[in-house]
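**Q** The residues making up each chain are set out below.
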Amino acid sequence: MIKADPFKKTPIAELAPDVRNKCFEEVVLGYTLDEAIAESQRCLDCKQQFCVAGCPVNVDIPGFIRHIKTGDIEKAYGVLTHDNALPAICGRVCPQESQCEGKCIRAKKGESVAIGRLERFTADYIEKNINFKTDKPERPAPIGIKAAVIGSGPAGLSCAVTLAKAGADVTIFEALHKIGGVLTYGIPEFRLPKSIVAKEQEKLEAYDVKIKTNTLIGKSYTLDQLKAQGFNRFFIGSGAGLPSFLGIEGENLMGVYSANEYLTRVNLMGAFKEDAITPIKHGKRVAVIGGGNVAMDAARTAKRLGAEEVTIVYRRSMNELPARLEEVHHAEEEGILFKTLHGPIEILGEKSAVAGLKCQMMRLSEKDASGRQRPVPIDDAYITVDCDTVIIAIGQTPNPLIPMTMKALDTTPKGCIVADDDTMETSVSGVYAGGDAVTGAATVIKAMGAGKQAAENMLKTL
Amino acid sequence: MYTIIRKDRIAGDVYSMTIEAPHVTTNAKAGQFVIIIVDESGERIPLTIANAEQESGELTLIFQAIGYSTKKLAALEAGDKLFAVLGPLGEAAPIEGFRKVLMIGGGVGIAPLYPQIKALYQAGAEVHAILGGRSAELVILRDECTQYTHELEVVTDDGSLGTKGLVTDALEAHLKSGEDFDLVVAIGPLRMMQAVVGVTKRYDVKTNVSLNPIMIDGTGMCGGCRVHVGGKMKFACVDGPDFDGHLVDFEELISRQGMYRTEEAHTCRLLEVKP
Ligand SMILES: Cc1cc2nc3c(=O)[nH]c(=O)nc-3n(C[C@H](O)[C@H](O)[C@H](O)COP(=O)(O)OP(=O)(O)OC[C@H]3O[C@@H](n4cnc5c(N)ncnc54)[C@H](O)[C@@H]3O)c2cc1C
Ligand SMILES: Cc1cc2nc3c(=O)[nH]c(=O)nc-3n(C[C@H](O)[C@H](O)[C@H](O)COP(=O)(O)OP(=O)(O)OC[C@H]3O[C@@H](n4cnc5c(N)ncnc54)[C@H](O)[C@@H]3O)c2cc1C
Ligand code: SF4
Ligand code: SF4
Ligand code: FES
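Just so you know, the protein sequences line up as chains U and S, in that order.
Per numbering that gives the first Met the number 0, the first sequence starts with residue 0, numbered consecutively.
Per numbering that gives the first Met the number 0, the second sequence starts with residue 0, numbered consecutively.
Some clues are possibly wrong.
Lysine-lysine pairs mimicking BS3-like chemistry, simulated, CA-CA at most 25 Å apart [claimed, not checked]: (1) U/413 with S/233; (2) S/200 with U/177; (3) S/80 with U/177; (4) S/80 with U/211; (5) U/177 with U/145; (6) U/177 with U/132; (7) S/6 with U/226; (8) U/350 with S/233.
Chain U is nowhere near these chain S residues, computed Cβ spacing over 12 Å in every case [to be verified]: (9) 5; (10) 9; (11) 193.
Don't read these hints as lab results, they were simulated from the structure.
Backbone N, C-alpha and C fix where the C-beta goes; we use that ideal spot for every residue, glycine too.
Using the sequences plus the hints, can you model the full thing?
**A** Laid out in structure tokens, this is it:
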């Protein structure tokens, strides 16, 4: 028996930093059954469940952990999936420290219960034994809903599964050649193995969800044309795929990438493989601009592609980095350098290729609208980061394609689709939306929750 | 899905391929393009829609087998299937409301030019065309273009067909004589489009060019296809591919086109594919 430390999370096995920063194997290896049971004992099964309130979809956290305590993982899985359709994914990628774990009572004195790790353990433990191809779930009788789900990111996936489980006839339309959205093209293999996303596809197929890849709604078919094909409910989960650029000199030099392009080449197109057809530049010195999950993923990917030096350039300080704590910690272990309080002002070029990144030093001033201290440039304080590749990871906004081809769809000035907070219905009756397309770049769990919520409301309209 | 219905070699290493793709043909317009993937491990390659039959759902592409993926594509035959066909992508070319237009195509650029020629002709414009190539064989789609133009000239580098010279010489002759076009459309190698724009700027004639930066998704997600047009950053896959040639930063585009030259030469040597 393993005994848990009341003040510390039960340690979890990870690949050693100098091994993993050269390969794309998953970094965190997960708990064993014994470790999970030990960690579950740390949960105090509180009356006032702050942790549940911290989870965007209010997973019954003490509820599923209670079953782990008794070793009944199947029951734990049942409780978990009642609220969360993608526990294997959320356990891996949720920013737990600012959600469930951040609110856990144990975090007041020591470390919180490792809710994410337990969630991931439960999902992996059960899902490895489910074969959706052979154990086809029973399908309820048709209910007269023929739904078109646009986009196959976490929002679309959870919407589709929720509808299909209730007996709806569901078709997913996805622009890319693989489903998963950011889970497939953005988040790297070493953080979220693609076999987990493949499992989601099997689940969809088990529920007879039709998947039409290579179909860009707004171009291949408009929503009105889908209506004419007999679809009577719509969910837009088209994400926030449009990359932002800085608008500084040198952004179109050879060797400058948006993080989306860089990660898409590697994840979706497999450019990290020896025999890949899609090329990528194997930079020796790589500068990554930004401080979120996307920046961490790009930096750690560059390192794995053989870069000698990878530097994250961020305007604020280490305390304001928006990335998950675990990613920052892993990046540091893997040898990623952090140049905080530096704002890029120009990408320097030589013969049309990147030759350096000129930055201005910053200091923190009063708090801004986001509640974080605002960075202000320091006069005449410049440095140049020596680099041959620059990756821009400063954010994404919703893709304007669907609103452009559907004028009746209301959007905010920032291009987000307007949807009702409760029903997720848009300004067009029968058309629902959720995930990053509505909120702007957010999180997997929020997108998943929105997809499910929209599906439940569509079902209510029967 | 995406079954190849016909494949023909139409000149040198230029092929025409017709594919079953009703999801593309339903809304396809002249000037738009598709992204295809030959097989599961393949690259995403953009190709202009040369023809789209709405009734039958037949999509025709005309392409030059110049590198790894296009050679692999050329090696397929009728009955084979493509792994992916996504489209129609990009904005349609402006077609309505033109009186007299001059269409300039260079080499395989004639393929993407042809659907615009046809559409402008059918919209009632007086269509003049200059088709150019290194030699006679490379001036593709002559018969098809003749059918939809009021006047068609051919120029070749070596004089093996039509006038010996460059498309810009023929263009200059037209403009010098005072002919009044309300639009010039030029599609071909970047250097050719740049040269055409150089001439039409002097005569102040509106000129559209079709840009072909390296693309991945084709949906506005990666930003890899970004170009500067009139000092503004545009994504060729969603804002284009046609832009006002007078505003395009050609030098930047030409350098970005060459970004993977060394990597790609490498792939080609490793994996010889013979169509
Ligand atoms: C690199 C990276 C790392 C991240 N890391 C984390 C993390 O660790 N934790 C976390 O919680 N969140 C993370 N996020 C954010 C998270 O991935 C997103 O919030 C989430 O994926 C949004 O889900 P979605 O379903 O709304 O959209 P997306 O996942 O963006 O999926 C949208 C899908 O719709 C498709 N689509 C778009 N337009 C159309 C159309 N017109 N027709 C058909 N299909 C269309 C797109 O191709 C895409 O597949 C990360 C994001 C990135 C980019
Ligand atoms: C919007 C658009 C429409 C196009 N329409 C057509 C068409 O109708 N017919 C046709 O033959 N070609 C067209 N192209 C070009 C075609 O996409 C490229 O020839 C093809 O991607 C090359 O792939 P490859 O693997 O065979 O060659 P590679 O080995 O990848 O490259 C061979 C050479 O082509 C250059 N190249 C690579 N990618 C592109 C690209 N996306 N565009 C242009 N050059 C590239 C490389 O720098 C290299 O010098 C179009 C391109 C775009 C962006
Ligand atoms: S879904 Fe995310 S936030 Fe909710 S309990 Fe699980 S890990 Fe925590
Ligand atoms: S707050 Fe922490 S200790 Fe209390 S029930 Fe939630 S996870 Fe368990
Ligand atoms: S090809 Fe990716 S944005 Fe245009």
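**Q** When you check the alpha-carbon spacing of residue 413 of chain U and residue 233 of chain S, does it fall within 25 Å?
**A** Within the cut-off at roughly 18 Å; holds.
**Q** Decide if the proposed pair is consistent with the structure: residue 80 of chain S and residue 177 of chain U, CA atoms, cutoff 25 Å inclusive.
**A** Since the Cα atoms of residue 80 of chain S and residue 177 of chain U sit roughly 17 Å apart, the hinted pair holds (cutoff 25 Å).
**Q** Check the non-interface label on residue 193 of chain S: least C-beta distance to chain U beyond 12 Å or not.
**A** holds, 15 Å
**Q** Given the hint that residue 6 of chain S pairs with residue 226 of chain U, does the C-alpha gap stay at or below 25 Å?
**A** violated, 35 Å
**Q** Hey, does residue 9 of chain S actually stay past 12 Å from chain U on C-beta?
**A** Nearest chain U Cβ is 26 Å from residue 9 of chain S, so the label holds.
**Q** Taking the shortest Cβ-to-Cβ distance between residue 5 of chain S and chain U, state whether it exceeds 12 Å.
**A** holds, 21 Å
**Q** Does the alpha-carbon distance linking residue 177 of chain U and residue 145 of chain U stay inside the 25 Å limit?
**A** The given pair, whose Cα atoms are some 22 Å apart, holds under the 25 Å limit.
**Q** Would the hint linking residue 350 of chain U and residue 233 of chain S be met if the CA-CA limit is 25 Å?
**A** holds, 23 Å
**Q** Within 25 Å, alpha carbon to alpha carbon, are residue 80 of chain S and residue 211 of chain U?
**A** Cα-Cα ~16 Å, so holds.
**Q** Given the hint that residue 200 of chain S pairs with residue 177 of chain U, does the C-alpha gap stay at or below 25 Å?
**A** violated, 44 Å
**Q** Under the criterion that the straight-line Cα-Cα distance not exceed 25 Å, is the pair residue 177 of chain U, residue 132 of chain U satisfied?
**A** OK: residue 177 of chain U and residue 132 of chain U at ~19 Å, within 25 Å.
In this structure, the earlier hints numbered 2 and 7 are contradicted, and the remaining ones agree with it.
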